[in-house]
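Student: In order, the protein sequences belong to chains B and D.
Here the first sequence is numbered in numbering that gives the first Met the number 0, starting from 0 and rising by one per residue.
Here the second sequence is numbered in numbering that gives the first Met the number 0, starting from 0 and rising by one per residue.
Careful: at least some of the hints might be erroneous.
[Claimed, not checked] Each computed DSS-like pair below joins lysine-lysine, with the alpha-carbon atoms no more than 27 Å apart:
(1) Lys396/D to Lys179/D
(2) Lys259/D to Lys327/B
(3) Lys369/B to Lys179/D
(4) Lys51/D to Lys369/B
(5) Lys266/B to Lys272/D
Hints were generated in silico from the structure; no laboratory data involved.
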Amino acid sequence: MDFNFTEEQDMVRDGLSRLVREQYDWETRRAAVASAAGWRPEIWAQLAELGILGMPFSEADGGFGGGAVDAMIVMQEFGKGLVVEPFVPTVVCAGGFLKYAGTAAQKEEHIGGIVDGSRVFAFAYAEPRGRYDYANLVTTAKKAGGGYVLSGHKAVVIGAPWASHLIVTARTAGGQRDHDGVSVFVVDKSAKGVITRDYETVDGRRASEVYFENVALPADALIGEEGAGLPLIERVSDEAIAAQCAEACGAMQVAHAMTVEYSRQRKQFGVPIGSFQVLQHRMVDMYTEYEQSVSLTYLATLRLDAAEKERKRAASAAKVRVGQAAIKVGQEAVQIHGGNGVTDEYAIGHYFKRLTIFDSEFGNVDHHMKRHIALA
Amino acid sequence: MNLEFSPEERAFREEVRAFIAENYPAHLADFGMREDMSPEDMVAWHKVLGEKGWSVPAWPTQYGGTGWTPTQRYIWSEENARVNAMMPLPFGVSMVGPVIYTFGNEAQKAQHLPGIRSGDVWWCQGYSEPGAGSDLASLKTTAVRDGDHYVINGQKTWTTLAQYADWGFFLCRTDPGAAKPQEGISFILVDMKTPGIEVRPIKLLDGGHEVNETWLTDVRVPVENLVGEENKGWTYAKFLLAHERSGIAGVARSKRGVEKLREIAAAEMLDDKPLISDFDFARKVSQLEIDLAALEITELRTLAGEQAGKGPGPESSILKIKGTEIQQRLTELTLEAVGSYGTPYYGNIAKLPGDTGSNQYPIGPDYAHHAAATYFNMRKTSIYGGSNEIQRNIITKMILGL
């Protein structure tokens, strides 16, 4: 049992913490989010330079031999600053698919670009009617010639406007919700027939509706075994869940600290509102929610390489508990900030919004409670 | 005791339902959010009701009230909620109107009540200040007597829809030397076109512009705009807040909201079955309905008490707390119901380069478009009108006697 980080991990954390503090301050973030691009490619380039984008890949694949704990550290720091850059879709998701199931040629083709920052990915898994079931797919990839023809509509693909490539789940065989027959493809976003409607998200990111209109894919667009993609998708999604839980922990930590600080500064009835016991206890509860979330984020992260059932239960436990905590901490932070909490000007409202949307990514509280029960 | 409607009450329901069906502006039916409406839209129904004589049902009949019983008023709000009607804004009808007819002089009644009834005059509320929120009595805006005028200086905040307002009611300090902060405050009516008033927008986290900062610099207001007595404004302010609270429960609207939530949850699918058939989700909806039923009867009991001659008392704080908690929970469940489609920000859709804006490629079902914005917006309800913490303090003091 050891909850200590290595010296290297501490260095990574300190470096990222400095980067977020010095180059991702609130006003800079606000301007970036409101800009036409909606993100900061120069920060992405810097993350590549610092080795952050290559961290989870093995040295043989051109990376730096890190693991899930490193991704957790990165995302917790990003959560503190509400960093919008697509680390999870690109490094955790696309990187995960390539690491676990990519051929040597696919790794060669894509990982170098992820590591040096030139290739950005989005993970197109959700569909309008599928809710949180990865196997509930209307999108199909039909064998044609030597490759596939991809048709369908993917919903709310986070980071797609910034992406050069997409990881797309599609059905290659079987009925709509069958566990067999699900496949994973890598798709060049500039391919003919890929149509995107880009938009802002309520939590300051960008996303797209992605429509595939008979997109011709070469045979080597398939990642992993045809029709056997579901276990791979679940594995990678559990990694994304662990990483996003870490992000939520970072956001909760800052939201809590901001609230405590506000309660020190804000005076009503001649005293700081932080002197009122009713508010003190609620801020204690927020803090407890945060600490419980950190614990389950550790659990989910450290179980990613465990047996399948253990891994899934830990990921679902974290997603349930961190999801509940994110909602509670966000709501309480706004309430204790009073009217200022519902303004666009104060940062706290933006933390609240990110913590709200967290629940609906990779399955919400109810979804993961059911998954946890099913695995009992 | 009896919860059944009498034949007369059922006939009344038919009458108002028919009136609403015939007269409610068609283009405003089932409007999404107030922020999306033009100012004309916001007062359109008010003006229709003004002509009919139904715009201020709760007022005493000599000032234009309808004389409806509490049950009739309840039926009236239910029928309006059925079409999600944009009701008259509260600032005139529920806030300053009752203050004027209760504490104002004859000239003030004659000048202001007709415009409030008709919807021709738009009012805003100048209560909160940056340093005076929950502790409203610490307000610093001053009104200094200069001949037959007051000269007002200060800054108000959260002045809802002040950008359209013709008149405002302001709490100002007229006796800075009073022994208690509550004792030196006056309630003053201000023509918003008076020189020295500047209204600056505050953007809220849902992206909307609903509230403002209002700056008053050497604003000269005739002394006849003082309501009641000088330095007695706190009494009128509290009276107004109690009135505001009793309407704040929003029962009829929440009932319509639950119906809509059920419609959404019937359209959304989980494992190819309607979400509403999922036990976990259905349980939450039922819990909400149960809480709402309790609130509804609590409100009816309060109204019956009012009818019996008791004004809205401290128990209206319960209505405020539970009403806002239910409204917030409703929007939270609605956001949960729409799943991933709660994530897009629909306010700015066609703006990104490369976006065709074509309807050929829709972004989520229509019912999802307001879900997140409404959830974010409704966080204000447990903060405004006296935060829910303040309401609990009121109950602690006034009911528990602690």
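Student: So, for every hint listed, does it hold in this structure?
Tutor: Hints, one by one, checked against the model:
Taken as a hint, the Lys396/D and Lys179/D pair is honoured in the structure, with Cα atoms around 18 Å apart against an allowance of 27 Å. Our distance criterion of 27 Å between C-alpha atoms is met by Lys259/D and Lys327/B, whose separation comes to about 25 Å. Distance check on the hinted pair: Lys369/B and Lys179/D sit about 58 Å apart at the alpha-carbon level, beyond 27 Å; violated. The suggested pairing of Lys51/D with Lys369/B is violated, with an alpha-carbon distance near 54 Å, which exceeds 27 Å.
Distance hint between Lys266/B and Lys272/D is unfulfilled; the C-alpha atoms sit about 52 Å from each other, more than 27 Å.
Hint check: violations occur at hints 3, 4, 5; the rest are consistent with the structure.
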